[in-house]
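Based on the provided sequences and hints, a complete structural model is requested.
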Amino acid sequence: MTKIRYAIIGNGFRAMAFLRIGLVLSAQFEVTSVFFRNKEKAAEFSQTHSVPTALTIKECLSTNPDFVVIAIGRDGNPEMVKQLISYGIPMLVETPPAMNLNDLHSLWDISIKQNAKIQIAEQYFLQPLYEAKLKALKKGILGEVHNLSISWAHDYHGVSLIRRLLGVGFEKAQINGKNFQFPVTITDSRDGIKTDGEVVMADRSRYTIEFESGKVAFYDFASNVQYRSKIRTRHLNIQGVRGEMDDDIVRSLTKDNQPLVQTFQITQDINTLSTYSINLGGECLYRNPFARERFTDDEVAMLRCLLGMKEYLLTGNSFYSFAEGCQDNYFFLLMQEALKQPYVAVKTEVQPWNQAKKITKGAVPVPLG
Numbered sequence: 001m002t003k004i005r006y007a008i009i010g011n012g013f014r015a016m017a018f019l020r021i022g023l024v025l026s027a028q029f030e031v032t033s034v035f036f037r038n039k040e041k042a043a044e045f046s047q048t049h050s051v052p053t054a055l056t057i058k059e060c061l062s063t064n065p066d067f068v069v070i071a072i073g074r075d076g077n078p079e080m081v082k083q084l085i086s087y088g089i090p091m092l093v094e095t096p097p098a099m100n101l102n103d104l105h106s107l108w109d110i111s112i113k114q115n116a117k118i119q120i121a122e123q124y125f126l127q128p129l130y131e132a133k134l135k136a137l138k139k140g141i142l143g144e145v146h147n148l149s150i151s152w153a154h155d156y157h158g159v160s161l162i163r164r165l166l167g168v169g170f171e172k173a174q175i176n177g178k179n180f181q182f183p184v185t186i187t188d189s190r191d192g193i194k195t196d197g198e199v200v201m202a203d204r205s206r207y208t209i210e211f212e213s214g215k216v217a218f219y220d221f222a223s224n225v226q227y228r229s230k231i232r233t234r235h236l237n238i239q240g241v242r243g244e245m246d247d248d249i250v251r252s253l254t255k256d257n258q259p260l261v262q263t264f265q266i267t268q269d270i271n272t273l274s275t276y277s278i279n280l281g282g283e284c285l286y287r288n289p290f291a292r293e294r295f296t297d298d299e300v301a302m303l304r305c306l307l308g309m310k311e312y313l314l315t316g317n318s319f320y321s322f323a324e325g326c327q328d329n330y331f332f333l334l335m336q337e338a339l340k341q342p343y344v345a346v347k348t349e350v351q352p353w354n355q356a357k358k359i360t361k362g363a364v365p366v367p368l369g
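Quick note: the sequence shown, position 37, residue 37 per the numbering used here, numbers continuous.
These aren't lab readings, by the way, just hints derived from the structure by calculation. C-beta: ideal position from N, C-alpha, C; glycine also. Be aware that a few hints might be false.
Taking CB as the label site, the calculated pair distances span [unchecked claim]:
1) Arg294 / Glu79: 32 to 38 Å
2) Arg287 / Thr254: 43 to 49 Å
3) Gln83 / Pro52: 33 to 39 Å
4) Ser189 / Thr267: 23 to 29 Å
5) Gly73 / Tyr276: 30 to 36 Å
6) Glu40 / Val344: 46 to 52 Å
7) Glu283 / Tyr343: 39 to 45 Å
8) Arg242 / Ser62: 55 to 61 Å
9) Arg242 / Glu198: 42 to 48 Å
10) Asp75 / Glu349: 22 to 28 Å
11) Glu349 / Ser86: 26 to 32 Å
Distance condition first, Cα-Cα at most 30 Å in a straight line; then the derived BS3-like pairs of lysine-lysine [to be verified]:
12) Lys172 / Lys82
13) Lys39 / Lys3
14) Lys138 / Lys82
15) Lys41 / Lys82
16) Lys138 / Lys347
17) Lys138 / Lys255
Spelled out as structure tokens, the structure:
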């Protein structure tokens, strides 16, 4: 098997996750170089890693990667994407591609003129649980889905899940929103469990998003505490004409309209809590092909992005197109506007990327390896 060769622009948390994947699966991947702006950080990295470092983009690309993973601070994405477009190198860009509408339009315009090959590293729908839930929905277990309540992921990630779960594609919508603040005790972080009892005021943003098809999303999230907390959970409720998916419980109807209650059965590695398989009603909807490597669910999804990038370069089939990423972020920007004027509907408009030729409502399957 030909290795997937990629360079990494960035050296933060996400960049190092992409590095770890490449190092663990060295038979499938090769990280050709890691780009640093800081000479001292590059030297420190070289003391513990055998992967080459680069201090200039030209030096980074001289290692001949198949594509580049851009995993830098969100404010730096637009200029870095523009710079790499000029080199003609394919890109896998971490979310979001830009933080304002002008930059989104500028990037889209340049990408079209230069025929740039760009995919977005949106990983949430590729996480094991969501892959299983999307597969169950595709089988029609709930009938046609009309609404959902989601408190699972922040900002553009939440938008991505909403559009995919409802199957609304690039439909126009109107958004109402309001922000609230509540005190909460900090219990966890990327650095580990917190037990000092610190209390902070946490923003909780709530939105009603009505799509032109009549489908509706009720969305809320407390982004500064909800991901890592021992006292706050995440939720998803999806309602269709013949059933409801409420977190891990599915209530539906049999062919002769008898009520049926089933539960997603999740088997995990007890050492890492990474997902091994997910079953519903005796049917396996997900099996982790990388279980031996003990990746976290998020790392598995990031790995799927890398495999999706390979498929994109080989076939031209997007796993998450630049147009999709632009739409997610455009929605998020309007959601921010809605918070500034509570109870006043903010309406989306058709954007240039909505006219992209290969736009589909469903996900293009990403090969498992």
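Original post:
Using the C-beta atoms of Asp75 and Glu349, is the stated range 22 to 28 Å upheld?
Top reply: 25 Å, holds
Original post:
Range hint 23 to 29 Å: satisfied by the CB atoms of Ser189 and Thr267?
Top reply: 28 Å, holds
Subject >> Range hint 42 to 48 Å (beta carbons of Arg242 and Glu198) holds or violated >> reply: 46 Å, holds
**OP:** Mind checking the alpha carbons of Lys138 and Lys255 for me, to see if they're no more than 30 Å apart?
**Re:** 17 Å, holds
Original post:
Quick one, are Lys172 and Lys82 close enough, alpha carbons at most 30 Å?
Top reply: With a Cα-Cα distance of about 28 Å, the restraint between Lys172 and Lys82 holds, given a limit of 30 Å.
Original post:
Regarding Glu349 and Ser86, is the given constraint of 26 to 32 Å on their beta-carbon distance met?
Top reply: The hint (26 to 32 Å, Cβ to Cβ) holds, given that Glu349 and Ser86 are roughly 30 Å apart.
Original post:
Arg242 and Ser62, beta-carbon distance inside 55 to 61 Å?
Top reply: 57 Å, holds
Original post:
Okay, Arg287 versus Thr254 on CB: inside 43 to 49 Å?
Top reply: With a Cβ separation near 26 Å, Arg287 and Thr254 fall outside 43 to 49 Å, so the hint is violated.
Original post:
Taking 30 Å as the top limit, are the C-alpha atoms of Lys41 and Lys82 close enough?
Top reply: Holds: Lys41 and Lys82 sit about 25 Å apart, inside 30 Å.
**OP:** Below or equal to 30 Å on CA atoms is what counts here, so check Lys39 against Lys3.
**Re:** 29 Å, holds
Original post:
Does Lys138 pair with Lys82 here, judged by a C-alpha cut-off of 30 Å?
Top reply: Roughly 37 Å between the alpha carbons, so the hint for Lys138 and Lys82 is violated.
Original post:
For the pair Glu283 and Tyr343, does the Cβ-Cβ distance stay inside 39 to 45 Å?
Top reply: 44 Å, holds
Comparing the model with each numbered hint stated earlier shows that hints 2, 3 and 14 do not hold.
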